[in-house]
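All chains should be modelled from the sequences, with the hints used to inform the complete structure.
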Amino acid sequence: MWDLEAAGGGPVQKAGSVDDTPSETRRRPVPERLVRVGFIPLVDMAVLVAAAEQGFARREGIRLQLVKDVSWSNIRDRLAFRQFDVAHMLSPMPIASQLHLGSNPYPCFTPFALGRGGNAITLSVELYQEMQALAGLDGSEDALANGRALRQVVEHRRQAGRKPLVFAVTYPFSSHNYEFRFWLAAAGINPDADVTMTVVPPPLTVDAMMARAIDGFCVNAPWNVIAVEKGIGCIVATKADIWPSAPEKVLGVSPEWAEENPETLSRLMVALDAAARWCDDRQNHSALADMMSDPSYVGVPSDMIRRLLAGQLIVDPDGRTRQVHNYMAFHDQSANFPWISQALWIYSQMVRWGQVAYDEIGPALVRAAYRPEMYREVFGSSGVSVPPDDSRIEGVGAARFIDGRHFSPDDIPGYVAGFDIRNGINSSVAE
Amino acid sequence: MTKDTQTGQRPLRVAIIEENSIRAAILVDGLREAGIVDVEVIETMTNMLRRLSTIDPDVIIIGIENPSRDVLEQMFQVSKLVSRPVAMFVDRSDGSMIQAAVEAGVSAYVVDGLRKERVKPIVDMAVSRFNAFDRLQRELLEARNELASRKIIERAKGILMRTRQLSEEEAYGLLRQTAMNEKRKLVDIAQSVVTAASLLER
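Heads up: the sequence lines are chains A and B, in that order.
Heads up, the first sequence is in the numbering used here, so the first residue is 1 and it goes up one at a time.
Heads up, the second sequence is in the numbering used here, so the first residue is 1 and it goes up one at a time.
Simulated from the structure, these hints should not be mistaken for lab results.
It cannot be assumed that every hint is accurate.
What the hints assert, rightly or not - Facing chain B, from chain A, some residues (calculated, C-beta under 7 Å): (1) Val-67; (2) Ser-71; (3) Asn-74; (4) Phe-81; (5) Gln-129; (6) Pro-172; (7) Pro-363; (8) Phe-401.
Unchecked claim - Listed next, with one range per pair, are the computed distances between beta-carbon atoms: (9) Gln-312(A) <-> Arg-150(B): 47 to 57 Å; (10) Glu-142(B) <-> Glu-260(A): 36 to 46 Å; (11) Arg-150(B) <-> Pro-255(A): 18 to 28 Å; (12) Gln-312(A) <-> Glu-43(B): 50 to 60 Å; (13) Glu-259(A) <-> Lys-183(B): 39 to 49 Å; (14) Ser-21(B) <-> Pro-164(A): 27 to 37 Å; (15) Lys-230(A) <-> Glu-40(B): 29 to 39 Å.
As the list claims (entries may be wrong) - Here chain A is said to cover these stretches of chain B; the calculated rule only asks that three of the stretch's residues, wherever they fall, bring their Cβ under 8 Å from a Cβ of chain A: (16) 68-76; (17) 118-132.
As the structure is a computational prediction, the values presented were derived from the model and not from experiment.
Using N, Cα and C, we set each Cβ at its ideal position, and we do this for glycine too.
Rendered as structure tokens:
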């Protein structure tokens with residue numbers, strides 16, 4: 001019998017190695033750097049999976065260790081206590097951390113966004129039927145018309161003395177929270193007065209709706225589609241309907257780790273950029289969906305992920321589908337650039353809903369959370385197209401907000417004061 | 001509110017959010033031993049926030065593998081349900097306590113302003129009980145594996161006795177010698193014998 005132990009004892013020169021480094025330019029082997037990444041199983045973690053599985057990280061001398069977790073609180077705390085080096089984070093989380101919001105604020109930052117899109121708002125079938133009955137919906141309505149129909153139901157229920165509807169988001173400092181509220185308010189519903197907003201972790205959203213504990217939720221893929229396929233929910237709006245440019249998840253970085261490993265961080269960003277390009281290429285969607293369907297990542301059927309990547313959403317239990325343009329984007333149109341103006345928009349929503357009072361220092365703290373200068377330093381001379389400015393007027397052209405207003409980062413108090421529905425705790429903002 | 005006559009403080013009230021009833025029992029036990037009797041266990045997520053606001057605890061203990069941590073976050077954010085703000089990990093300066101807690105998978109939320117001396121024993125206790133529970137689980141698993149291994153070895157012995165006309169002792173000796181020669185576990189060799197026999201039987 002062959003003694004495998006002895007044969008494998010030393011470094012073996014492999015003939016026909018898959019290593020694509022040409023032998024004449026063989027570099028000195030760089031020891032692989034281990035980078036520990038915390039994540040929550042969602043389709044919007046695609047770039048991290050591709051970087052780990054498709055060789056983009058290895059090419060930069062990095063071994064990515066992806067560690068699944070169950071809550072955003074854990075992601076935050078395990079980054080703080082050095083169990084993770086970087087993490088898959090909700091785009092508002094670094095901002096909240098710099099503003100010292102939340103129960104264990106650990107100031108972290110992001111130099112790289114992991115993409116846009118994927119969120120949607122799902123209402124229970126019963127609630128949707130009430131909307132149909134009152135507003136005569138036929139299912140072809142846009143997100144705003146759906147919102148206005150919901151407003152009629154909210155009004156009707158109030159008059160009938162029924163208890164307020166309960167809507168769930170996945171975390172207080174989440175794109176879901178701000179998008180759900182933005183949509184409700186755009187339709188004339190005050191999320192703090194007319195309905196009850198609560199938090200339900202993503203994997204529990206569908207169960208909570210099935211148990212009738214909640215009437216609707218905003219969460220990332222695949223949970224909306226799962227609710228529809230189980231016959232309990234209807235998708236009434238997507239992120240692309242509310243604000244197509246909204247940053248979804250970002251790469252949250254521990255400042256201490258970044259300080260100690262500047263080169264590894266740069267290499268990681270290069271790897272993620274390549275992975276993001278790969279994820280955007282439709283030809284790779286099948287392979288990407290197969291990778292993500294693994295139970296150690298998202299763990300839902302590959303076919304479902306493939307349809308989500310293509311923006312094909314089943315929106316009601318009768319099987320009506322919607323093709324959503326730009327439902328998910330990982331690289332296209334500077335999807336990875338950490339726009340200061342987008343960070344400040346998130347801040348404006350925190351102010352709008354009373355999570356933080358506006359003050360002069362706020363915008364400076366927010367700037368510490370999003371670091372476009374680091375993105376520029378890594379990609380400025382690399383051929384990746386880098387936007388010339390860190391900030392812009394948001395909501396212009398095709399990237400419009402559902403309420404049609406523009407956001408100018410120079411006038412946050414003015415922007416917030418311009419909303420009819422808000423819950424500011426700063427009197428100067430709330431007049 | 002009733003005050004502790006010696007210290008002038010009211011007894012601490014602790015809420016445990018834990019779905020696993022064995023682990024919850026272990027924690028309650030530990031707290032009792034430490035003299036804390038005012039303990040409530042919340043086993044389900046349903047009405048968690050309402051129950052917490054009724055209990056109005058000074059300390060909340062929840063495992064970090066429990067996704068409901070994000071729900072608590074909401075409660076502390078818009079503190080309409082709970083009268084007082086609650087902060088995680090009493091004192092960030094005590095790095096070793098936090099490290100131990102995170103490693104054991106414990107998170108503790110504590111009412112702001114509560115003195116560290118009063119809370120530290122509770123968190124330390126929770127950490128040691130979480131670790132004890134883990135150990136218990138591991139031992140249980142090992143015991144189960146052990147039992148399964150023994151069964152496989154018995155079967156392999158039986159096969160060797162039958163096919164090679166060996167005594168029980170000789171059969172066991174042969175398995176052990178082979179394992180030593182091949183630097184593998186006895187149970188792995190036994191498994192190979194069982195598998196091989198099942199292939200040959202048909």
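ask   = Which of the listed hints are broken here?
value = The structure breaks hints 1, 5, 7, 8, 11, 12, 17; every other hint is satisfied.
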